[in-house]
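Q: Given next are the chains, with one letter for each unit.
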Amino acid sequence: MSKTARMTMIQAINSAHDVLLERDERVCAFGEDAGYFGGVFGCTQGLQEKYGLSRVFDTPINEAAIVAMAIGMAANGMRPIAEIQFADYIFPGFDQIVSELSRLRYRTAGAFSAPLVLRTPCGGGIYGGQTHSMSPEAFFTHIPGLVITMPSNPYDAKGMLIAASESDDPVLIFEPKRLYNGPFDGDPHKPALSWSSHEKGAVPTGHYTVPLGKADVVREGTALTVVAYGTMVHVALESAQLAGIDAEVIDLRTLIPYDIETIAKSVNKTGRCVVLHEAPRTSGFGAELMAQIQEECFYALEAPIKRVTGWDTPYPHAHEWEYFPGQTRVMRALKETLEA
Amino acid sequence: MSKTARMTMIQAINSAHDVLLERDERVCAFGEDAGYFGGVFGCTQGLQEKYGLSRVFDTPINEAAIVAMAIGMAANGMRPIAEIQFADYIFPGFDQIVSELSRLRYRTAGAFSAPLVLRTPCGGGIYGGQTHSMSPEAFFTHIPGLVITMPSNPYDAKGMLIAASESDDPVLIFEPKRLYNGPFDGDPHKPALSWSSHEKGAVPTGHYTVPLGKADVVREGTALTVVAYGTMVHVALESAQLAGIDAEVIDLRTLIPYDIETIAKSVNKTGRCVVLHEAPRTSGFGAELMAQIQEECFYALEAPIKRVTGWDTPYPHAHEWEYFPGQTRVMRALKETLEA
Amino acid sequence: MTPAPSRNRAGFTVPEPPARPGEKPDFSGLGLSQDIPVTRPDPDCPAKDTHMLANALIGVLNSEHQAQGQWDPALSPKTLRQGLHVMLKTRLYDDRMLKLQRQGKISFYMKALGEEAVACAAGMALRFEDMLFPSYRQQGLLFARDRDMVAMMTHCLSNAKDNLKGRQLPIHYTWKEGNFFSISGNLGTQFPQAVGWAMASAARGEDTVTASWVGDGTTAEGDFHGACTLASTYQAPVILNVVNNQWAISSFAGIAGGLNATFAAKGIGYGLATLRVDGNDFLAVYAVTRWAADRARAGHGPTLIEHVTYRADAHSTSDDPSRYRPKEEAKAWPLGDPVERLKSHLIALGEWDEARHEALTDALSKEVLASYKTAESYGTLRDGPLSPVPSMFEDVFVGQPWHLRRQRQDLGV
Amino acid sequence: MTPAPSRNRAGFTVPEPPARPGEKPDFSGLGLSQDIPVTRPDPDCPAKDTHMLANALIGVLNSEHQAQGQWDPALSPKTLRQGLHVMLKTRLYDDRMLKLQRQGKISFYMKALGEEAVACAAGMALRFEDMLFPSYRQQGLLFARDRDMVAMMTHCLSNAKDNLKGRQLPIHYTWKEGNFFSISGNLGTQFPQAVGWAMASAARGEDTVTASWVGDGTTAEGDFHGACTLASTYQAPVILNVVNNQWAISSFAGIAGGLNATFAAKGIGYGLATLRVDGNDFLAVYAVTRWAADRARAGHGPTLIEHVTYRADAHSTSDDPSRYRPKEEAKAWPLGDPVERLKSHLIALGEWDEARHEALTDALSKEVLASYKTAESYGTLRDGPLSPVPSMFEDVFVGQPWHLRRQRQDLGV
Ligand SMILES: Cc1ncc(C[n+]2csc(CCOP(=O)(O)OP(=O)(O)O)c2C)c(N)n1
Ligand SMILES: Cc1ncc(C[n+]2csc(CCOP(=O)(O)OP(=O)(O)O)c2C)c(N)n1
Ligand SMILES: [Mg+2]
Ligand SMILES: [Mg+2]
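Order-wise, the sequence lines are chains C, R, F and B.
Residues 16 to 355 in the working numbering are what the first sequence lists, from first letter to last.
Residues 16 to 355 in the working numbering are what the second sequence lists, from first letter to last.
Residues 28 to 440 in the working numbering are what the third sequence lists, from first letter to last.
Residues 28 to 440 in the working numbering are what the fourth sequence lists, from first letter to last.
Looking at chain C on its own, in the form it has when it is part of the complex:
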């Protein structure tokens, strides 16, 4: 394994691009403002200068065209990594994702495929209002044929992006933008935390992968199981700590295909489960997890599975912290599930 360095999530993502562009000339990266400027969050900064205009470049503002162009390139032997500037803006490209990207291999019986990566920053916590805060992952988990991921730290972000680009399946990566510059445990009043002192902020500078489809048990425990991903992993850890509950916390990392084995093993052990996500509650990905867990672990369950989620409203600007499923709500759910 190569040297490690302290990296933010942005630096880790940037480094993943760098490694990929360096190793494989089929890799290219593009998106709105992703070229010269290096992306509005800097995830591709410096790479156009290093690899040239035709490997890292700006696109017109048309998310459908970005996805379509990536599909065409990928089908023709390249390994594009496309950035959608905010997950809230992925919807103009939804048709290309649902109707084309996800099905190309299937409908051609394997003759054509589009192994590409779509990355996009998601989630709230930066006062972005309803159009810079969405966590739309659940929509994509209902589309057969896509690998859906959400890393929660720099180490995973880099390793999963490399794994995604090297995978022969199309992979979507939702990057919680609130975590870009430091972990966030759900308390907006605390001073900002930094990745520099976080275990997962130590990132190998070279090539490595984090396997897709594998969850990470980030805290072992026996009292109950918390299934979370993205920002909510940090909220879960802190809430369990504050509530003094011996929770087992699972960082799902890959949503499709999700690591049912790890989840079921844990829930069968603890008999209780809480599922967390920032996205709206109804038909969120938590619903799928709960449905499957109750099928899988019914006889082990001692309490109903609870979910703590964003509300079924657009993400409001002023009431961001009343919307965000923060520590108070998570702690309450943990306690209630424990006592149920």
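No lab work stands behind these hints: they were computed from the structure.
If you're wondering where the values come from, they're calculated on a predicted model, not measured in any experiment.
We treat Cβ as the ideally placed atom computed from N, Cα and C, and that holds for glycine.
Every clue listed holds true.
Listed next, the stretches of chain B that the computed footprint assigns to chain R, with coverage defined by at least 3 CB atoms under 8 Å from CB atoms of chain R: (1) 188-199; (2) 219-227; (3) 249-256; (4) 425-432.
We have chain C; now place chains R, F and B with the ligands onto it with these hints.
A: Only chains R, F and B with the ligands this time, still in chain C's reference frame:
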């Protein structure tokens, strides 16, 4: 109540348009081929001739523009009913639905709203292949601000369309095209059934409404609860019959907001539940129902809630009946749930 | 002078076609004729030098069946006969497949009747290595590339030999070895994908060209605009074809905005090279395709071509055009029939005659029938054999994740 | 002559702006000048009679600060002074709001510096009943319609008096009483909606006009195409404005295809009336807007207008333009500054002077400051008071379905 007549689902939908266009000059109807031709399934047939070009008309083939035009018209005092030719083709309009239609009232604090109806034929069973068979309702149930419905018979189809058009919320109606000309119980080898002998094929010719948000208990029973909607309602009824199981079958009708009261009452009574839909399994609307039912009825449940659904693949052409969640699979799930 | 502000009593306009069922077909408003010679700029010219061609109609064959003007591709009689062969084959194949659909042997079909030249001539003008992103009505490309007819039919039959394993509706061909992309049921999605494909080719320094096709109705989709924008910005080696066959399903080209500008003119706003061609003139389609291919191949960028043609039969086997347009419209089409026109040209050249034509028709009909017999022997949708059921769960992903494995097991296969 | 097929070694092109940080600004490639008089067709002319204007630049104020040519709207000194007032107000408001964002009082801001004429002149040229579907950079429309500044600020502060109940990011104004639609954060979505609104007005026989605005970058979105297509097909009474301020965020207009055609030229392919105007010339923007409004009002259909201007400051408070363009670009912009130009014109007319200008600036600055004091007294995002928490669950639906009621209760409010 006015006279009734025997109607197919297509005729009932046509009649609903007719009633609405007649009563309310704010109502207009449009879509690809919906004007002169009256729609590829005939749901608006004869209405352009009757109400004129500016009330019932053809649109360019751009589903985003269709939705956007409807939003603009609805915000400006009209009551548009737009047809998306196949539910598979709603995705180019997804952004307008997620980002605009669903949020207009919210983001303007009530100053503007878009009370409109989007209708679209969904579901398989007509050898339509992957692009004329989708049941994409689950995607829409994750969007706060939309009423989502799926009628299963002519009576409901007409009454719900009138209710939808008169509602001040935006309403999406998914119409199972396999039911357009007759009920379908899941057995493709039987001769086609007809609405003419079906109780719900008797439809008032005039104005009436079927309330949104209210499920219909279409079969009472004590052994277990089946929650279904659309085509699967008929499959559920026939499967319960064939399996000789005293199932209570709930036709959900409205998916958002769903009638939790009716569902919970039933499951609390029976202690067992099977959820059905034709859409792919993972993150389908069944997941939401199961998640909520287990939260709501945990202590009454005697067996895991099962789901019988389409598979997590695109809808295949040749293997339509291996894909469709038919009687064999439904019966097996009913039995397993009863015996679990 | 500023018009006096007045109440806009007109409301909005909903365009209507010149004639409806029972009325007399009328194409006079389109101003089409086979006899206007048009200049041909060099393929390396600035795009703007082509913009006047967006409002012209490039033609080669005149009403006397002679090749005329600067666009004459000067094809050998052999090539011309080959063109006739390919178009006729397409037509006879279509006829047979329609019959099969009527007999319930296949679930669905779409013919290219009346617009065979668009695909056949383009298919012949392009190199085999050039990549094709067609819509569902360019089966002529396959015949131009000599795709095995039995393979096409096994696909349409969805049987065990279908190269798509029964997953796609008939006519949604894929032929990778023939550089023919997969056809989607969703309109227009392939247009911007084609630009991406072309960019990848260009990035590798290859000199292949990518071509894509959409219908007049489909130009309204956002993806049309996405494709034109990408092509313009990146100057990709791509040919974007609009097949204006006057009709979408039941809605005429005016519903897509076609009364207010030509479809070729849409290219002007992107600075694309723009050509508008008589799509029923095999020679002209060949010539413009070659022009655009030469331009792209040499690094001078994309071209948008409008092919003016007429969909002479139903939209698909689910359609009944007699409900929305006069039955005699196809006959009244001012640009004639592409097969007849090429045939007449060959006869005028002394390179063809009725007897040879009949013989060819006969031979092709037999080939089609024999192919069908073979294809059917591999199974039909109704009676099988089909691709094995477990194949239904394959190719969703490269591997088979646990949930699909379980679902397959759940089905007991 | 057909160019010899050669390997396309060029790959694809990624356009680059003429100058990057540290380089000398260079707008010579745009061929812009304030001094070309351009003819003015009648507003009821066929659309094609305007198409040459898609490649021209309509201007009124010449470099000598005189109004010239057929497009001179011949405005009264009072109206001109009103225009200056509105533009200056916009600018001073922007300055103040930027400061507040820097102080952490509001979360986000976007200025219109350098392109105030586009919105202010249009706002004045339209009738109050005309409906506006702006993007986020047309705050000038609000000032032109004399929107209460305190209300604008309470919105940006997201406080308890915010008419949007704190739900929207700052500057995403809604003002129904002012016939000003809600601003979306999603680019371009309002463009086709505006056409729908216009169609509803027309259907009722009203003579109001609907106008919408998008940026140069946003023209690439599918919704731009959808809007143009709808406007063309239904000939809706709508004005579709493209504000070409040369930059999206960090990407210049060339990334949207702007090197290959003007944005106005996109209208040609839809058969829209097309105008391209010096967007920094208040009189010219006023004139073209009035022309298009007259045209639409009288039932002659839609117009696409490109406003050529320059975004003189950052894209938003999240942006740092010094990282991607020369700092001095704004100063080098050949069409000058809209406030300065109108001011100089008024001075040249003898209707204004430096002292009055200073006094106006002073008065407006005071008004802005006083408004802010009032607005802030109603609360700030950081310290409140905000709209009551339960309001968060309102307006999702007309009523509050069970799931939202329960969620509200779950939050304990
Ligand atoms: C996104 C999408 N919307 C609608 C349809 C339904 N549809 C199939 S073909 C067609 C008409 C297309 O007309 P045109 O583009 O002119 O092509 P043509 O059939 O004339 O070749 C329509 C509306 C579809 N397949 N995809
Ligand atoms: C659908 C969508 N994609 C991307 C964005 C992010 N974004 C916000 S503004 C902007 C640039 C817009 O540029 P332009 O249209 O030229 O408008 P200007 O800011 O110059 O007025 C981008 C990419 C967005 N808001 N919506
Ligand atoms: Mg057509
Ligand atoms: Mg701009």
